[in-house]
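S.K.: Residue numbers (our numbering), protein chains in the order written: chain A, 16 to 357; chain B, 16 to 357; chain C, 16 to 357; chain D, 16 to 357.
Be aware that a few hints might be false.
Note that the list lumps identical chains together, so a pair holds whenever it fits in one copy or between two copies.
Stated by the list, open to error - Below, in silico cross-link-like pairs of lysine to any residue (SDA-like), each with a Cα-Cα straight-line distance of 25 Å or less:
| no. | residue 1 | residue 2 |
| --- | --- | --- |
| 1 | LYS66 | GLY209 |
| 2 | LYS186 | ARG39 |
| 3 | LYS186 | GLY51 |
| 4 | LYS186 | GLY212 |
| 5 | LYS66 | ASP257 |
| 6 | LYS66 | TYR162 |
| 7 | LYS66 | ASN207 |
If you're looking for bench data, these hints aren't it; they were derived computationally from the structure.
Number of protein chains: 4
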Amino acid sequence: MNIEQSDEIDLLLGRMKAATAPLRTTLREIHDRGRGDHRGEVATYIPELAKANPDWFGICIVTAKGDIFEVGDVQQTFSIQSVSKPFLFGLALEDHGLDAVLRKVGVEPTGEAFNAIVLDEVSNRPFNPMVNAGAIATADLIAGTDYPDRLSRMLAMFGRYVGREVHVDNKVFLSERITGHRNRAIGHLMRNFGMVGDRFEESLELYFQQCSLLVTCRDLAMMGATLANGGVNPQTRERALDARYVKYLQSVMLSCGMYDSAGEWAFRVGLPAKSGVSGGIVAVVPGKLGIGVFSPRLDSRGNSVRGVAVCTELSERFGLHAFESGVPLESLEQQLDHRGRR
Amino acid sequence: MNIEQSDEIDLLLGRMKAATAPLRTTLREIHDRGRGDHRGEVATYIPELAKANPDWFGICIVTAKGDIFEVGDVQQTFSIQSVSKPFLFGLALEDHGLDAVLRKVGVEPTGEAFNAIVLDEVSNRPFNPMVNAGAIATADLIAGTDYPDRLSRMLAMFGRYVGREVHVDNKVFLSERITGHRNRAIGHLMRNFGMVGDRFEESLELYFQQCSLLVTCRDLAMMGATLANGGVNPQTRERALDARYVKYLQSVMLSCGMYDSAGEWAFRVGLPAKSGVSGGIVAVVPGKLGIGVFSPRLDSRGNSVRGVAVCTELSERFGLHAFESGVPLESLEQQLDHRGRR
Amino acid sequence: MNIEQSDEIDLLLGRMKAATAPLRTTLREIHDRGRGDHRGEVATYIPELAKANPDWFGICIVTAKGDIFEVGDVQQTFSIQSVSKPFLFGLALEDHGLDAVLRKVGVEPTGEAFNAIVLDEVSNRPFNPMVNAGAIATADLIAGTDYPDRLSRMLAMFGRYVGREVHVDNKVFLSERITGHRNRAIGHLMRNFGMVGDRFEESLELYFQQCSLLVTCRDLAMMGATLANGGVNPQTRERALDARYVKYLQSVMLSCGMYDSAGEWAFRVGLPAKSGVSGGIVAVVPGKLGIGVFSPRLDSRGNSVRGVAVCTELSERFGLHAFESGVPLESLEQQLDHRGRR
Amino acid sequence: MNIEQSDEIDLLLGRMKAATAPLRTTLREIHDRGRGDHRGEVATYIPELAKANPDWFGICIVTAKGDIFEVGDVQQTFSIQSVSKPFLFGLALEDHGLDAVLRKVGVEPTGEAFNAIVLDEVSNRPFNPMVNAGAIATADLIAGTDYPDRLSRMLAMFGRYVGREVHVDNKVFLSERITGHRNRAIGHLMRNFGMVGDRFEESLELYFQQCSLLVTCRDLAMMGATLANGGVNPQTRERALDARYVKYLQSVMLSCGMYDSAGEWAFRVGLPAKSGVSGGIVAVVPGKLGIGVFSPRLDSRGNSVRGVAVCTELSERFGLHAFESGVPLESLEQQLDHRGRR
């Protein structure tokens, strides 16, 4: 965080004493309303996901200064699934630099499904790191002396974002691995084009591991806040991502993070975000906040129904859209409650 | 412009006396370097465009406070072409509101060519207002009692952005009209799906008119500055666009404004922008600046070669990327020179 | 018909006296069974088609010697629609020769819908003369001094196939013309690529005329028999098509004649054929028979439900598949009944 | 062969004494002319193929009675590659019947490349048995108690067609196997959709074996003659394929056998045929002849340049097109020379 941003947030903290409707109260309102929404279906493509309680629902906001505001099932663990993808992309950027990474994976939004077996016809690259093909190519780029070393570097990276040691859910991992025919097909296709190397079967394992990481909704908010804070975890003060790459993660999250809804999301909600089939969404208000929402019922595009609703409402009420120029309905700053737990 | 933004810009102006390398000097440097780049080809698909001098090259920056910094052929007129598209979209939003407009045109980036005869398979809508199909559907939405009234409302809208009366280049208009077989095909296809109404042949005429508007590079910068200033022309203080819609124009410019380069542009340059085949580019630094560049030689994707280079360099040097969180190479503020002409 | 074929048919006629189950009886059986099949829907895309009686059902077989076997509503008139397409292609071949025609329209089956607005990406040609784009390009090739002359040449050609003067249903023609937005789109797109010339709007009119020709099920069988007989109408002995082009019409009918079912039709039924949305199907047993079936209810691919069933049964029972090498279930020859009306 | 066909061929043999230009002389002429054509490139995607002598050139015709006419390098062995595909399809039909096979693989021509990783969107089936996906699905259907048994059943089937024991080129097999990333991708994708079962990795091995079979140009002609003769090898009199399925092999060869040229081939040449990347082509004149041509230089679509030219010339000179109705340029029958070796 640079000094100006710090000043801005201090300013907000100063305002907080006069706040009439503290943020935690607002979140509680939104959470209460969201609990009545039972649309959507829990993902069932692997048995472990189908075991989720469809009513789980947590919302957490972490500021770039580390204040935490949360409500609901914020400590319930679940497998991170595709929410992991932008963060792997960040590690690949640190390992190889921008140009080398872009030779193996593009940054173009695509109308294709997230698990499409399609590469860019001209470059043979996957379209972007948020589709499975791109995430596997990204996993293949993770450096390390051998598979255990690569895995432990990956886990360490996630650990820096969430501020604690992270673990893989072994049942989910084995389940992903057994049913991952389509991802294996993608791997072999990219091997055919030289987009991944000979160790790509190992990289597929890494990819299945990464999808099986156990996280909570609060972890997602902390990961978002780390990006909002220029790559530094606002609680541990540990750097999780080189500052140079923060804008790239946020760009690709804005344009490609929400599956087939990505275009409409960027247009209407205007926040860099990433969702996963287990029902998690991470969103970033650059320089200000990370948002984590968890609710397993998914809409037809694979995004958490309640998660989308929560982010949309927060964006509209507080004017969080990246290109907002009007006056927001309410002032977020006035709602920032210093009782937020650091 | 809100009070905080005004303060920020005043702060910059205060700093300017000490500036050692005023912005105009920097622009001159960039312009000098750019002149040596002769890559790309002038568009020839209509004869009028082919008459452009390939060496024309202008750069203009207008701040959200109305200061102007410019170098080169900034007064050379040319037909606006596709740069007009986001502004028409704004007028359609004002005429019908967001939901009604989105029923006729989407906001999804597309891998298809700008002139593809393809509609979204599910909704039958054009993918977005930046492809020809979307621009024609947008033109069809422009309100008015009859064709002359619709045309004059459209011209008045552009006039508010540039701060003067605008004119259509009749030769270009006739040329567009005669060779517009593909656009007529798109019109009939959308008529088939009810995306445009019975007056769509009139709307095609409006579209050809809109593409044939004469502008200068400085006009483009002023149009960008108007968006940067929340929809108000910073010189005339006239509102050109309802503040509510400014973020939507910028969103769709970021994700779809640069033809097939849109994904890479959003990722690397990170500025809402729109280019046209006559060689113009408008870019916006939200809340701060409008940038106009004009140089007729186009790359294989239809974007001005020098225009892309100028915007890329400005974004990198001054940290203008929408999601920048690191320290820019140079401080733009220190370069803002109060000799900028209001 | 060459001498060998004539001998073969004479041989059959000789056998007929001993036939225990004359063909007319077989057709009656098939017709009786078919009447119980009420699946499918009458086409409604133009109002005139929707007026058809869904129960109309006629079957007619005409041999290459001119014998006629028929049952049901064989005299009911209906608009020929797409069944006209291969015959127009034949006239274009006579007017310009094979190579010139193939520069404007391909002969590749396509997975796209018959009314898709898609041209071959490499050649910019329509895929084949059986899709609307190809039929319009074909209509554009019809020679003549002016529009009335081209129209009368086209009508004369159809007249040679059916053996009488043919007429256009004016209500259908006007209906096609008013609702033909998609076909106009196709026309403008091909104009853009130079696949059709400046008179393409006239050619669109020709195309709408051709689709609106009034025919009966017996007419369709006679058209098929004319192809079976090497291009000569077996009743009038008038040549309708240059012998050199007969194989090309039959080829393109086998591979592209049955909309999206074309691949399966060629594989299972193995007869050159063409269907239309009014419910007609013409099929050819090369050297032997023409088959016409008419029943307005269509399956999801746009083919007459009963028409497909009749042709499939005839092909299987009598071993009519183009590549049949086994022993047919029954001998067609033994069923050819000389009470067939010449 | 039925009695009528036998009579026809005897008739031809009777005429042969008077023949002024025996078929062997005609083939020699065609062969001499073809030797001057050096267009095209030898396939190099696996090293073993690249070792072929580009000048190898053989032509062989075998009649449905077993007479052989040949010229050039007719005894040179090469790996059969894709020419094997229709024959495997026949074995699958015998093992499971038509309906069961069609549930796993379609019969639709496709505009996609032969090695495209694309399945029919509605059915999830490969488009047809001539594309790699379809051939792998077909190989998966080959019955047997275990892998060695399945392999030996497959080899025995090929042995019946060529009339001798066949062998796999082990170098080619290993080469296919190592570089088969794309085919493995296809296999995993079909596994994902349940189009292939758990033993699909074994089936991939079978597929690589099948492609690596060593054959000669004369073998190809004998395989074609076996189909022409209703499934019975005309020399050994052994049945290679159930008569019911002969028409299906020929249908799918006509519509899908020549890669991207399939549509034009069916239209212009009109013969069921299949080509392979090693330079072989088999073609069938139903009821009459099998044709084998071998020449390794391929055109841009992957078909032997000289092979295509030979088949085209034979079809045109002798009127062999499946739907020929005119008078051929020359009479094939008069050229059939009884010095043809049985």
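S.K.: State for each hint whether it applies.
M.R.: So, going through the hints one by one against the coordinates:
1. LYS66 / GLY209: Answer is between; shortest inter-copy Cα gap is 24 Å, intra-copy 38 Å.
2. LYS186 / ARG39: Close neither inside one copy (35 Å) nor across copies (62 Å); limit 25 Å.
3. LYS186 / GLY51: neither (31 Å within a copy, 56 Å between copies)
4. LYS186 / GLY212: between (28 Å within a copy, 24 Å between copies)
5. LYS66 / ASP257: neither (37 Å within a copy, 48 Å between copies)
6. LYS66 / TYR162: neither (30 Å within a copy, 38 Å between copies)
7. LYS66 / ASN207: For LYS66 and ASN207, only the inter-copy Cα distance (22 Å) is at most 25 Å; the intra-copy one is 37 Å.
Going down the numbered hints, you'll see the structure goes against 2, 3, 5 and 6, while the others check out.
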